[in-house]
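Trainee: When you get a sec, could you build the whole thing from the sequences and use the hints?
Each chain is listed here by its residues.
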Amino acid sequence: MFKKASFLLLIVGLGLMSCSKDPISDLSNEESLVYITNHDKSANFTQYKTFSIVDSVLIVENSRAGTSLDDIDRAMLQRLITNMESMGYRHVGRKENPDVGINVSWITNTYLNVYQPLSSYYGGYWGGYGYGYPNYYSYYETSESSWVISMLDFKNPQTTPSGKTFNAVWEAQIRGAAIGDQKLVDKMADSIFGQSGYLKVK
Amino acid sequence: MKRIIIIALFLGSVLPALAQEKPKLYTIASPFERYTHYLATARFMGAVPMGSFKDNYIDKASFQNFSLSIEWVLRNSPLSVGGEIGSTYFEKRVPRALYEGSEGTISAVQTRTVSQYPVEVFSNYHFLPRNSQVQPYVQISGGASILDYTVYYGTLSSQDQKVRFKYGIGAGSKFLFKKDGTLGLDVRVKYDGTAYKYDYIDKGISSVNGSIGLFYRWW
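Quick note, the sequences are listed as chains A and B, same order.
The first sequence runs 1 to 202 under the UniProt record's numbering.
The second sequence runs 1 to 219 under the UniProt record's numbering.
One thing to keep in mind: the hints can contain errors.
[To be verified] Stretch by stretch, here's where chain A covers chain B in the computed footprint (C-beta under 8 Å, at least three residues):
| hint | segment |
| --- | --- |
| 1 | 87 to 101 |
| 2 | 104 to 114 |
| 3 | 154 to 168 |
No lab work stands behind these hints: they were computed from the structure.
Glycine included, every Cβ here is placed at the ideal spot set by N, Cα and C.
Mentor: Rendered as structure tokens:
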């Protein structure tokens with residue numbers, strides 16, 4: 001009898017264990033968004049006056065890359081420009097020697113480290129240079145899409161045997177289930193600048 | 001919800017046995033007095049976080065806690081020994097805030113959770129004879145907690161799963177529905193502590209839980 005009872009207890013126990021909870025199912029789209037920003041602590045942002053921005057969003061999906069400029073991409077680029085301008089930077093074309101460049105990418109990644117497969121894709125747009133990239137984050141190891149917006153220092157290029165490289169002096173990641181929600185694009189762009197007050201040059 | 005169904009099924013399998021009246025052939029003491037017998041209890045618990053666990057991580061009471069125990073009520077002794085398995089869950093939502101770390105600034109709505117599946121052995125000391133209708137007891141328990149610590153930043157999660165030592169001390173009472181019966185109510189207040197240190201939790205997980213349960217005994 002007791003044997004039977006313990007067996008029953010075991011079964012019920014397994015039943016308890018297999019109940020999985022979903023504590024985040026009640027999050028709204030806006031609440032699901034996570035903004036992560038980081039910057040080069042040694043960078044002096046007041047030295048930068050002008051910026052340029054990519055003309056389309058770089059799409060990186062595991063080992064494939066391309067560009068995209070649909071409504072949401074256009075909205076994101078536009079809002080980033082607005083924010084950069086209100087931080088005190090002047091928007092110039094990329095041929096006019098901008099002090100910093102803004103890269104915008106939409107990354108879908110199933111690797112553990114989001115950054116490893118990235119470095120080789122940036123070169124093209126900015127004229128075939130190599131690319132030095134500080135490895136800022138590594139602790140969310142999931143497979144998902146995210147916006148990655150970075151500011152490259154064109155004013156102080158690093159010279160390496162393989163050519164010139166530019167350091168990313170600021171980087172923002174927007175992650176979460178609702179990053180493709182066009183209604184939230186303005187909010188997303190405003191938020192990453194809102195929490196990066198050190199970017200202000202005026 | 002699933003859990004409640006499981007417990008209901010468990011009780012459902014037990015209740016029909018009650019209908020069979022045992023013929024009273026002898027006027028000697030109840031078998032519950034004469035033999036070591038078994039006692040199974042299903043409990044529903046409300047738990048309140050305590051100490052630094054409460055201060056640093058989750059201060060919200062939880063009502064998503066359940067346990068099942070089975071025990072031997074020993075012959076000629078005020079003691080019973082047994083095992084208990086359970087499920088406890090704490091959760092707290094923190095509105096959007098900035099979190100500074102060496103990796104940068106994170107802005108997120110945080111959802112803090114801790115689930116535990118404790119597996120314990122325990123011993124009860126009963127103050128009154130074991131067939132009295134009210135049976136107050138004190139309890140000491142120890143075992144392992146299979147725990148899952150997950151902090152969600154928005155929909156992203158940072159998780160740690162471990163098996164850690166846990167212990168508990170409690171006091172409660174059993175109330176038999178009828179004299180010499182097999183079914184009764186169990187009320188218990190228990191302090192639970194789990195040795196665990198990670199992220200926000202620096203001095204273990206501690207809580208006080210009050211439970212109400214149903215028990216069935218047989219020999």
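Trainee: Work down the list of hints and note, for each, if the structure agrees.
Mentor: Against the structure, the hints:
no., hint, in the structure
1, 87 to 101, "holds (count 5)"
2, 104 to 114, "holds (count 8)"
3, 154 to 168, "holds (count 5)"
Of the numbered hints stated above, none is contradicted by the structure.
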